[in-house]
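Colleague: Given next are the chains, with one letter for each unit.
Number of protein chains: 2
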Amino acid sequence: MPELRRDTIIGRWVIIAKERGKRPYDFVIEKDKTGGGFCPLCPGNEHTTPPEVLAYGRPNHSPNGPGWTLRVVPNKFPALVIEGDLDKRGEGIYDKMNGIGAHEVIIDTPMHDETIPMMSHGQLIQTFWAYRDRMVDLAQDSRFRYIIVFKNFGRAAGASLEHSHSQLIALPIVPHRIQEEIQSSLHYYEFKERCIFCDIIRQEKSQGIRIVCENNDFITICPFAPRSPFEMWLMPRRHQSSYITMDDNQFHSLTDLFLETMRRLDKALPRVPYNYMLHTAPPRSPFLEHYHWHIEIMPKLTMVAGFEWGTGFYINPTPPEESAQFLREINLD
Amino acid sequence: MPELRRDTIIGRWVIIAKERGKRPYDFVIEKDKTGGGFCPLCPGNEHTTPPEVLAYGRPNHSPNGPGWTLRVVPNKFPALVIEGDLDKRGEGIYDKMNGIGAHEVIIDTPMHDETIPMMSHGQLIQTFWAYRDRMVDLAQDSRFRYIIVFKNFGRAAGASLEHSHSQLIALPIVPHRIQEEIQSSLHYYEFKERCIFCDIIRQEKSQGIRIVCENNDFITICPFAPRSPFEMWLMPRRHQSSYITMDDNQFHSLTDLFLETMRRLDKALPRVPYNYMLHTAPPRSPFLEHYHWHIEIMPKLTMVAGFEWGTGFYINPTPPEESAQFLREINLD
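Line by line, the protein sequences give chains D and C.
So the mapping is simple: our numbering equals the position in the first sequence, first residue as 1, plus 1085.
So the mapping is simple: our numbering equals the position in the second sequence, first residue as 1, plus 1085.
Some clues are possibly wrong.
One copy or two, it doesn't matter: identical chains are merged, so the pair holds either way.
Unchecked claim - Listed below are the simulated EDC-like cross-link pairs for lysine to aspartate or glutamate, each with C-alpha atoms no more than 20 Å apart in a straight line:
1) 1103 with 1088
2) 1277 with 1137
3) 1290 with 1180
4) 1103 with 1092
Please keep in mind that the hints were generated in silico from the structure rather than gathered at the bench.
In isolation and in its complexed conformation, chain D is listed as follows:
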């Protein structure tokens, strides 16, 4: 079973995935796994993945066969496993617990080569529904304190399979990075009685210089202090703390703006590798006045090296005002 370990100095958690247990020669022989040959995520190969936990578009057929338009399966090589108790324990001054969690793969499309900017509205909205449906289901498990949804696109951004997919990991603790965000926004709220994300949207609307695109319900900006060139945040314009409370109309609106955002990025930097992460309130959390869900999109254009590891600072050669202007002025016709 994987193990969660806590850095005893700064409290950062890591997952030691013992089962993947790599010795030095494993790293040497691990070459490019993307492209070419067999794809376990393609229709017809459903038997090569663990049994699906969700599928859309195949109402009258039996599970784990073709005919689906979106499919969710447990990760074959999970970072965390779903069976067992947490069993928190110490080892001298160190803390650890069992690696209990869920690790699922959302197969965004049956078409092997279809990237997000190529997708139809009808295809992409299913991905956003699937995020909600899986979050709602996993939120019933009281062992899970947080559910993170993310996508790695391109090998340089960590994707080991080419076929478009997102991932979901349910965790037994609220991660440091999310807790920092929630606590800092609470602190701001206590001081100002306003949501800091709403204040950011207000300032961005009035300044205009970092807006990439927007519609009635959502806005995409390049944040004021981006970690990487062309980093973008997509946020609901009206206050909303949890992704899962979106209504049907918002799902359509989100799909529209996300597609536009990713098409602008793809036209600026064709097939650039990227990561995106959905930040939302913890499952089972009540409505939060101070927290505001959003999606952070990080193109992979710079490197995390000694300076970033050592300080937590990032060096970014492109001001967000320039990134935003470039993306905003792209002609999508």
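Starting from the structure of chain D, add chain C where the hints point.
Modeller: Frame of chain D; chain C shown alone:
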């Protein structure tokens, strides 16, 4: 002038290096810069770097010519610049300041192809002296609140030049990552009246399973909760908060153990890309009972992808007990 900007939600700082101002096509044409052709760090090419701020091994020759055994020059493309005032200011809810700092390159050796594990004791100790000498000099500038020394080796770890070099960046603020470490260790000290790093060393000595190598003055371990396979921390065995307070004997001892550590790593994973970072007390800080300087060595074997960006968690496929055993059992003869 570069700009320091603060993320208004979680307080993370970024450096917007406007002068490097990259537009999308700059990223497309930026190919492999390492290897082959001209090297600005090689002897004979001294005129292609900014004038040196320190050189060893050339007592009777004029500066900026050959004959040196180690040379320190300002970075030709600095992330921060040394001239100017800090000028802290706001922009609505956002905070920023001028990108004042120093960014220097320590050319570890005159030999283009010499990597650390190939170096003699007499060559490598100069690098450690240079770190101290530059830190002591820059600490006199009261604008600098922190000085981070690091090395990127190999293109995958962010090195843009092949010739062995380290870097030093003096910053106008103590970075988040360092502050977290110092504050957490202070918290521990207030509670226990002991240094947490000393306690870690004590536990590692008694357990033995995560020790890579040690000598009279230093110890290298694989930490309990490592972010990457084969991550190592090299620490002084006796309490010491600042790197610059080392005595001559310690410099020799550090050089010995660091060489052994890097030779073990290189034999396990030949020419693996890596970063190392020197964590020490802020300049002008008094002796701290609760903080303990150390070097963190991170081989580049896994990727920072969506999960890591989104949560601050790391997934590590190799338990540190296995990494340490493998490194410990390597025969260096």
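Colleague: The structure should be examined with respect to each hint, and the outcome stated for every one.
Modeller: Evaluation of the provided hints:
In this assembly of identical chains, the alpha carbons of residue 1103 and residue 1088 lie at most 20 Å apart only when taken from the same copy (7 Å versus 43 Å across copies). Taking CA atoms no more than 20 Å apart as the test, residue 1277 paired with residue 1137 passes in neither setting, with 46 Å inside one copy and 50 Å between copies. For the homomeric pair residue 1290 and residue 1180, the shortest alpha-carbon distance between copies (18 Å) is at most 20 Å, but the shortest distance inside one copy (45 Å) is not. Taking identical chains as interchangeable, the C-alpha atoms of residue 1103 and residue 1092 lie at most 20 Å apart only when both belong to the same chain, with a minimum of 17 Å there against 36 Å between chains.
The earlier numbered hint that this structure contradicts is number 2, and it is the only one.
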